[in-house]
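Q: Model the full assembly from the supplied sequences, consistent with the hints where possible.
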Amino acid sequence: MKNIYSKIMLSLILSASVVSANNAEAFKLSVFHVNDIHSHISSEAMKLKVDGVKTYMQIGGYARMVNQLKKLKAKKPNSLVLNAGDTFQGTLFYSLFKGKADAKALNLISWDAYALGNHEFDDGDKALADFLDLLDDDITMLAANVVPDKGNILEGKWSPYVIKTVGKEKIGIIGIDIVGKTIKSSNPSDEIKFSDETKTAQKYINELKTMGINKIIVLSHQGYKNDLKMASALSGVDIIVGGDSHSLLGDFSNLGLKSTSNDYPTIITSKDNKQVCVVQAWEYAHLLGDLDVVFDKQGDVLYCTGQPKILAGDVFKRKNKEGKKVEVSEDEKTKILKILAAASNIDIVDENKEALKIVKEYEDKVNVKKATVIGSAGEELGHSRIPGDTYDKRNTLPLGSDIASIVAKSFYDLSKLADACIQNAGGVRTPIMKGEINMGDAYSLLPFSNTLFEIQMTGSEIKQVLEDAIANVKTGGSTGSFPYSYALKYDVDMSKNINNTVSNLEILDRKTQVWGELIKDKMYTIVTNSYTAGGKDGYTTFKTVQDKRGKGVDTYLDYALSFVKYVEHKKANNEEVMILPKALHSIKSFKADTK
642 MKNIYSKIML SLILSASVVS ANNAEAFKLS VFHVNDIHSH ISSEAMKLKV
692 DGVKTYMQIG GYARMVNQLK KLKAKKPNSL VLNAGDTFQG TLFYSLFKGK
742 ADAKALNLIS WDAYALGNHE FDDGDKALAD FLDLLDDDIT MLAANVVPDK
792 GNILEGKWSP YVIKTVGKEK IGIIGIDIVG KTIKSSNPSD EIKFSDETKT
842 AQKYINELKT MGINKIIVLS HQGYKNDLKM ASALSGVDII VGGDSHSLLG
892 DFSNLGLKST SNDYPTIITS KDNKQVCVVQ AWEYAHLLGD LDVVFDKQGD
942 VLYCTGQPKI LAGDVFKRKN KEGKKVEVSE DEKTKILKIL AAASNIDIVD
992 ENKEALKIVK EYEDKVNVKK ATVIGSAGEE LGHSRIPGDT YDKRNTLPLG
1042 SDIASIVAKS FYDLSKLADA CIQNAGGVRT PIMKGEINMG DAYSLLPFSN
1092 TLFEIQMTGS EIKQVLEDAI ANVKTGGSTG SFPYSYALKY DVDMSKNINN
1142 TVSNLEILDR KTQVWGELIK DKMYTIVTNS YTAGGKDGYT TFKTVQDKRG
1192 KGVDTYLDYA LSFVKYVEHK KANNEEVMIL PKALHSIKSF KADTK
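Following this note's numbering, the numbering of the sequence shown begins with 642 at its first residue and continues without gaps.
Just so you know, the hints here were simulated from the structure itself, not pulled from any lab data.
Worth double-checking, as some hints may not be accurate.
DSSO-like cross-link-like pairs, simulated, lysine-lysine; straight-line CA separation at most 27 Å [what the hints assert, rightly or not]:
hint	residue 1	residue 2
1	K1006	K1115
2	K1001	K976
3	K669	K870
4	K805	K717
5	K938	K850
6	K870	K695
7	K974	K950
8	K840	K866
9	K811	K714
10	K870	K809
11	K669	K1006
12	K1232	K1137
13	K912	K840
14	K1206	K1011
15	K962	K866
A: Given below as structure tokens:
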């Protein structure tokens, strides 16, 4: 990364002189962008470090984003506002209103283009069509590699690309959605056809080039690593604005955050030996990407630079001697504001009053329900998708998610008949902070419309389900496929070949509470969520087992309610939710694939 940074700086120095000498020929474009908002409509509390001290403040939300965009667009009129997808799922705003609140919030902003994400298909074709019908007509939806069959309810709802005029220049924007993950991990019907991301992008780049468009953006929802690969494989692309992987780009260590990469933008050399500027803007409307690109008269990138910024409020809290969060003194506030004003990666932004009225309309309804306290956590319950990753940007957990195993236990407890539970990492969306747990936390943790599903399986089939899930991770599917469980534990070696990554499986006898070997030909009952029970997210053996023996049992128990009941049970017994003892954790040992 140091080499990349050095090249960027050298490019900036050299290019600056070129632009000065040829100012009339150079064209500067600014791109403001977001991705993976996941129904985080309103401002949210977050802990950041200010001058090394943990400081609590409100960040993000549409009302702040509206004001920040107004300011930036006034300063940089030659600009585009882009959304790289995944508006659905993640909070009670979606769980309760199924896209209506999200649509109203999105309509607050004049998006130049919006690329479909995988989660837009979570509730099927009709739900997506209903959502798109609620959006303002001037929001152009894009997905070049996703094509509904003729007569499908989604036919004509989006385009492969759009051409926008900025100043006197025409900019082509192509939408790309991730294929495998959307098919396996969401719910598009069989009438929705998908094509290869890179081949499709190149097809429409070529089409735009023949129309004389020489400045081209790919607005993608396929993950940062895939964007980097795509950038090097394409000819004619200038910018890739991405989403899906929730990647924080740029150095945010001053605020106590771990970044995927300190490079914003990341500069990649394309197949035709040109510069490509790759960006992404973290998640949940916490941050707004701000990219500046200078093109020469041929439409090639001379240089690009930028600075994504967290959007924060001006009320700050810190813990007092008793450990209680209290608002800081005026002197402390002045000092904090001075430090943040000097930082390049965070802005203090007032909330737009008109936008806030619309947000509050739904916020009030949600707050009534989510404010109900159901129990408490005695310690922070971190979340990793794959052991050792930094998915929650806070914890590095060598044996993986704390909270996913607890969720699995809550399913197991509510099922009563289950010998074990298997839960996909991606179905668990957030860590749980130490302190009170309310209803809103439970439905943010488990936001999807799933029920508990019981399936009869042999020991060997159970092992194969785990192998299927890990194979999906290894072959480029979602990291959310990684399997956690309760009453079932195993060693995982990701460096081994597919179908040989899981070993030393043990299962907990429900009656005796004694661990024993998982017997290959013995029948067991596994509880999972209804989504993975259908073979989604790579859990194919769940489906093939039912195809062979008959459908499992849908308990019709709300899966988020299982966690609610687990927490309430703890509270009723004067207990707090804690990390499970190591002996009950599903991952006994883990070895990463370093290839």
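Q: Now tell me, hint by hint, if it's right for this structure.
A: Status of the hints after comparison with the structure:
1. K1006 to K1115: 42 Å, violated
2. K1001 to K976: Measuring from Cα to Cα gives roughly 31 Å; hence the hint is violated.
3. K669 to K870: 26 Å, holds
4. K805 to K717: This hinted pair holds, its Cα atoms lying about 16 Å apart.
5. K938 to K850: 15 Å, holds
6. K870 to K695: This hinted pair is violated, its Cα atoms lying about 37 Å apart.
7. K974 to K950: 20 Å, holds
8. K840 to K866: With Cα atoms ~17 Å apart, K840 and K866 stay inside 27 Å; holds.
9. K811 to K714: 18 Å, holds
10. K870 to K809: The given pair, whose Cα atoms are some 31 Å apart, is violated under the 27 Å limit.
11. K669 to K1006: Outside the cut-off at roughly 44 Å; violated.
12. K1232 to K1137: 9 Å, holds
13. K912 to K840: Measuring from Cα to Cα gives roughly 13 Å; hence the hint holds.
14. K1206 to K1011: 15 Å, holds
15. K962 to K866: 44 Å, violated
In the structure shown, a violation is registered for the earlier hints numbered 1, 2, 6, 10, 11 and 15, in ascending order.
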